[in-house]
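Q: Letter by letter, the chains look like this.
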Amino acid sequence: MIGEVLIRTVDLRRVFGGLTANDQVSIELRRGEVHALLGPNGAGKSTLINLLSGDLVASSGQVLYRGQDITHLSPHERSHIGIGRSYQKTNIFPGLTVHENCRLAAQSREPRPWRVFSDAAKWAPYRAAVAQALHLTALEDVAQRRADQLSHGQQRQLELAIVLATQPQVLLLDEPLAGMGFDESLRMLELLRGLVATHAILLVEHDMDAVFSIANRMTVMVNGNVLMTDTPENVRSSRDVQEAYLGTEEVSHD
Amino acid sequence: MSSLVKSRSRAALIALFFLMLAGFPLLDQPFYTELVTRVMILSMFAISLDLLVGYTGLISFGHAAWFGLGGYVFALLGTKYHVTNSLWLTLPAAVLVTASTAFMIGLFVLRTRGMFFIMVTLAFAQIFYFLFHDVKALGGSSDGMNLRGKPSAALGPWVPFELSNTETLYYFVMILMAALLLLMTLLLRSPLGCALQGIRENEHRMEAIGFPVFRYKLAAFTIAGGLAGLAGYLFAVLNSAVNPEMLSWHQSADVLLILILGGMGQLWGGLIGAFTFVLLQELLSSFTKLWHLWLGVTIVLVVLLLPGGMISLSERINSLWQGRRT
Chain A
1 MIGEVLIRTV DLRRVFGGLT ANDQVSIELR RGEVHALLGP NGAGKSTLIN LLSGDLVASS
61 GQVLYRGQDI THLSPHERSH IGIGRSYQKT NIFPGLTVHE NCRLAAQSRE PRPWRVFSDA
121 AKWAPYRAAV AQALHLTALE DVAQRRADQL SHGQQRQLEL AIVLATQPQV LLLDEPLAGM
181 GFDESLRMLE LLRGLVATHA ILLVEHDMDA VFSIANRMTV MVNGNVLMTD TPENVRSSRD
241 VQEAYLGTEE VSHD
Chain B
1 MSSLVKSRSR AALIALFFLM LAGFPLLDQP FYTELVTRVM ILSMFAISLD LLVGYTGLIS
61 FGHAAWFGLG GYVFALLGTK YHVTNSLWLT LPAAVLVTAS TAFMIGLFVL RTRGMFFIMV
121 TLAFAQIFYF LFHDVKALGG SSDGMNLRGK PSAALGPWVP FELSNTETLY YFVMILMAAL
181 LLLMTLLLRS PLGCALQGIR ENEHRMEAIG FPVFRYKLAA FTIAGGLAGL AGYLFAVLNS
241 AVNPEMLSWH QSADVLLILI LGGMGQLWGG LIGAFTFVLL QELLSSFTKL WHLWLGVTIV
301 LVVLLLPGGM ISLSERINSL WQGRRT
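Line by line, the protein sequences are chains A and B.
Note that my numbering gives residue 48 to position 48 of the first sequence, counting from 1, and the numbers run on in steps of one.
Note that my numbering gives residue 123 to position 123 of the second sequence, counting from 1, and the numbers run on in steps of one.
Take the hints with a grain of salt, since some may be wrong.
Cβ pair distances, simulated, as ranges [said to hold, decoys possible]:
hint : chain 1 : residue 1 : chain 2 : residue 2 : range
1    : A       : Asn225    : B       : His204    : 27 to 33 Å
2    : A       : Ser59     : B       : Val83     : 52 to 58 Å
3    : B       : Leu183    : A       : Ser213    : 50 to 56 Å
A few chain B residues that face chain A, going by a derived Cβ cut-off under 10 Å, partial list only [said to hold, decoys possible]:
hint : residue
4    : Leu186
5    : Leu187
6    : Leu192
7    : Gln197
8    : Arg200
9    : His204
10   : Arg205
11   : Met206
12   : Ala208
The following residues of chain A were derived to be distant from chain B, with all beta-carbon distances above 12 Å [unchecked claim]:
hint : residue
13   : Ala131
14   : Phe182
15   : Asp230
16   : Asn234
Don't read these hints as lab results, they were simulated from the structure.
Ideal Cβ placement from N, Cα and C applies to all residues, glycine included.
Assemble the whole structure, with the sequences as input and the hints as a guide.
A: What follows is the structure, given as structure tokens:
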């Protein structure tokens with residue numbers, strides 16, 4: 001099923017008061033592809049991720065998941081059909097251990113959440129998903145540490161581990177490398193390369209070397225509009241893109 | 001290994017506590033037996049609130065509404081309308097009525113957050129207060145109502161126990177309190193309890209990883225309401241009376257204070273808080289007429305010196321002790 005289109009948007013538009021943050025955005029996310037989203041600050045990248053994850057509701061247009069219209073599903077419903085997202089600002093459960101962070105995520109797949117008299121810590125079906133998420137993100141050694149005691153890099157890894165423990169089909173990753181050291185970034189990219197065969201990945205990232213090393217397809221956004229969607233080579237050589245974004249020496253950080 | 005020692009000494013402590021509690025009426029001091037009964041009921045009330053405040057992160061300032069409602073269900077069924085005085089009917093009725101009312105009110109108030117939630121819960125509690133203050137059909141009167149008697153435990157011709165006996169009522173409340181603690185222990189480690197604590201930690205992320213947060217909050221609000229109703233029922237039985245003050249905002253504030261005093265988000269915090277609160281009240285009011293003032297001062301001191309409540313006292317002493325040794 002590699003190449004299957006998992007998410008498609010049709011003329012997606014989002015208005016905040018007088019500001020049009022996304023306008024006529026139509027993109028496709030395919031399984032087996034890292035689809036990078038580029039653009040200067042304020043181009044609408046985060047808005048688009050929020051529209052896909054359900055954190056924001058579209059003003060008009062459609063979001064389709066495997067052909068089904070999901071434009072009006074809430075974030076928790078989208079999580080259940082297979083859309084997982086990570087956040088640019090670390091968004092974890094600070095007072096719980098790393099293991100508990102992942103277990104909660106795995107538990108969200110619980111078909112019977114009202115089983116009041118069972119012990120969540122001992123329930124086998126959660127274990128496999130948690131173990132896999134911890135293994136992939138190399139957090140096994142700190143599994144019993146409280147999340148707020150981790151280093152920044154480890155918290156970024158936990159951010160992703162939480163998403164993975166929900167076993168999504170689509171990964172919407174908002175700057176997963178932000179604030180990571182060189183080695184940590186390399187490991188994260190390696191992890192994403194391993195995941196891409198079975199997932200569709202949308203990547204927003206400011207580290208251009210990283211983006212060009214991993215992306216199969218790129219969408220460049222400017223002022224809420226899609227400037228172009230193409231292969232990394234064509235994007236790199238595009239004059240329009242250079243003018244709009246890559247040409248400016250300052251690579252922005254949100 | 002050390003955690004095993006810890007959990008063993010903890011189990012021993014709990015066993016010792018319940019032994020002392022069970023032996024207390026043998027001292028044959030009816031006044032104090034009744035006082036401890038009152039404390040246990042307040043503990044149950046505080047523990048029910050802790051499910052919202054300490055475990056789900058929902059600061060309700062109207063929890064007394066469910067406490068009072070539970071008492072009034074018994075007063076209306078048993079005394080005003082002479083429907084039944086049976087313990088086996090009125091107690092479940094009190095829990096069911098409060099839980100289902102909390103469910104319906106929860107549908108509205110849980111749409112708000114933070115400060116607004118505090119205010120809206122207060123507002124709804126005030127509505128209930130005035131219902132029982134003014135509506136004649138609900139026994140409305142500022143004096144409340146004296147009850148016909150204790151609920152009857154009779155099962156047909158067989159009467160297993162008499163709640164009109166002070167000691168029997170004491171043990172009845174003690175067993176229900178122990179059951180509540182057990183229920184809370186099971187609930188908090190269940191998937192539902194873990195999800196509630198996740199909501200306390202980070203509501204937004206819970207939604208993002210697939211939890212219908214509103215429904216979980218509604219479940220917590222309903223359960224907490226039903227348990228507060230149980231405590232209110234017992235309170236009415238103990239006093240053989242109900243009055244609107246049970247639903248007043250003072251009562252909501254007192255139970256919050258009890259939780260803060262004892263320690264929020266700690267299973268035993270409500271219990272320790274209730275004991276401390278009532279003990280302080282009794283002690284201070286025997287010394288001075290200004291006991292409200294001194295109670296306030298004590299609570300401020302506890303909050304300043306022990307932000308985790310009385311329950312963190314042992315940890316605090318431990319860490320001071322170890323700090324001195326190293």
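Q: For each hint, tell me whether it holds in the structure or not.
A: Evaluation of the provided hints:
1. Asn225(A) to His204(B): 27 to 33 Å: 28 Å, holds
2. Ser59(A) to Val83(B): 52 to 58 Å: 56 Å, holds
3. Leu183(B) to Ser213(A): 50 to 56 Å: Since Leu183(B) and Ser213(A) have Cβ atoms about 55 Å apart, the given range 50 to 56 Å holds.
4. Leu186: At 5 Å from the nearest chain A Cβ, Leu186(B) passes the 10 Å test, so the hint holds.
5. Leu187: 6 Å, holds
6. Leu192: 6 Å, holds
7. Gln197: 7 Å, holds
8. Arg200: Result: holds, 8 Å to nearest chain A Cβ.
9. His204: Holds, about 7 Å.
10. Arg205: Constraint on Arg205(B) satisfied, holds at 5 Å.
11. Met206: 7 Å, holds
12. Ala208: 5 Å, holds
13. Ala131: 17 Å, holds
14. Phe182: 28 Å, holds
15. Asp230: 30 Å, holds
16. Asn234: 34 Å, holds
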